[in-house]
Amino acid sequence: MVRLLIMLIMVAVITISCQKSDLQKESRSPGEIAFRSNCQTCHILPKTDMKTDAEWPAMVNRYGEKAKLSVAQVNDIIAYLIANN
Numbered sequence: 001m002v003r004l005l006i007m008l009i010m011v012a013v014i015t016i017s018c019q020k021s022d023l024q025k026e027s028r029s030p031g032e033i034a035f036r037s038n039c040q041t042c043h044i045l046p047k048t049d050m051k052t053d054a055e056w057p058a059m060v061n062r063y064g065e066k067a068k069l070s071v072a073q074v075n076d077i078i079a080y081l082i083a084n085n
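Residues 1 to 85 in the numbering used here are what the sequence shown lists, from first letter to last.
If you're looking for bench data, these hints aren't it; they were derived computationally from the structure. C-beta: ideal position from N, C-alpha, C; glycine also. Be careful, since some hints might not be right.
[To be verified] Derived DEER-like restraints, expressed as beta-carbon distance ranges:
(1) M1 x K47: 16 to 26 Å
(2) R28 x A58: 23 to 33 Å
(3) P46 x V11: 31 to 41 Å
(4) Q40 x M7: 33 to 43 Å
[Claimed, not checked] Restricting the straight-line Cα-Cα distance to at most 27 Å, the calculated cross-link-like pairs of lysine-lysine (DSSO-like) are:
(5) K51 x K66
(6) K51 x K68
(7) K68 x K47
(8) K66 x K47
Kindly produce the complete structure, drawing on both the sequences and the hints.
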């Protein structure tokens, strides 16, 4: 009986955790999604305040080219970084 109760609690916790994760993903902008999924493949993600609004475009364009990102992805990432700077 105790094992069944523990298993039910574990299933509930996992279900709630997965739902919370899905909600967090849905609330992310395209720029944040592109930033997180592409930039961290090569290095630790920089903080958005690491560069000024004027510096981010050059950096993202340079590394975006190396990462073969689309123009839309680069623009989305730049917009995300500047908006959260």
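Inset, instruction - Take the C-alpha atoms of K51 and K68, compute the straight-line distance between them, and say whether it is at most 27 Å. - result: 22 Å, holds
Inset, instruction - Evaluate the given range 33 to 43 Å for the C-beta pair formed by Q40 and M7. - result: 34 Å Cβ-Cβ, so the 33 to 43 Å window holds.
Legend entry - Pair hint K66 and K47, alpha-carbon separation not exceeding 27 Å: Holds - the C-alpha atoms of K47 and K66 are around 20 Å apart, at most 27 Å.
Legend entry - Satisfaction of hint between K66 and K51, Cα-Cα up to 27 Å: Cα-Cα ~19 Å, so holds.
Inset, instruction - State, for the Cβ atoms of M1 and K47, whether the hinted interval 16 to 26 Å holds or is violated. - result: Since the Cβ atoms of M1 and K47 sit about 49 Å apart, the hinted range of 16 to 26 Å is violated.
Inset, instruction - Starting from the hint 23 to 33 Å, judge whether the C-beta atoms of R28 and A58 obey it. - result: Roughly 24 Å apart at Cβ, these two residues keep to the hinted range, so it holds.
Inset, instruction - Assess, step by step, whether the Cα of K68 is no farther than 27 Å from the Cα of K47, and give holds or violated. - result: Holds, at about 22 Å.
Legend entry - Range agreement (Cβ of V11 with Cβ of P46, hint 31 to 41 Å): 38 Å, holds
Violated hints amount to a single one, hint 1; each of the other numbered hints is respected by the structure.
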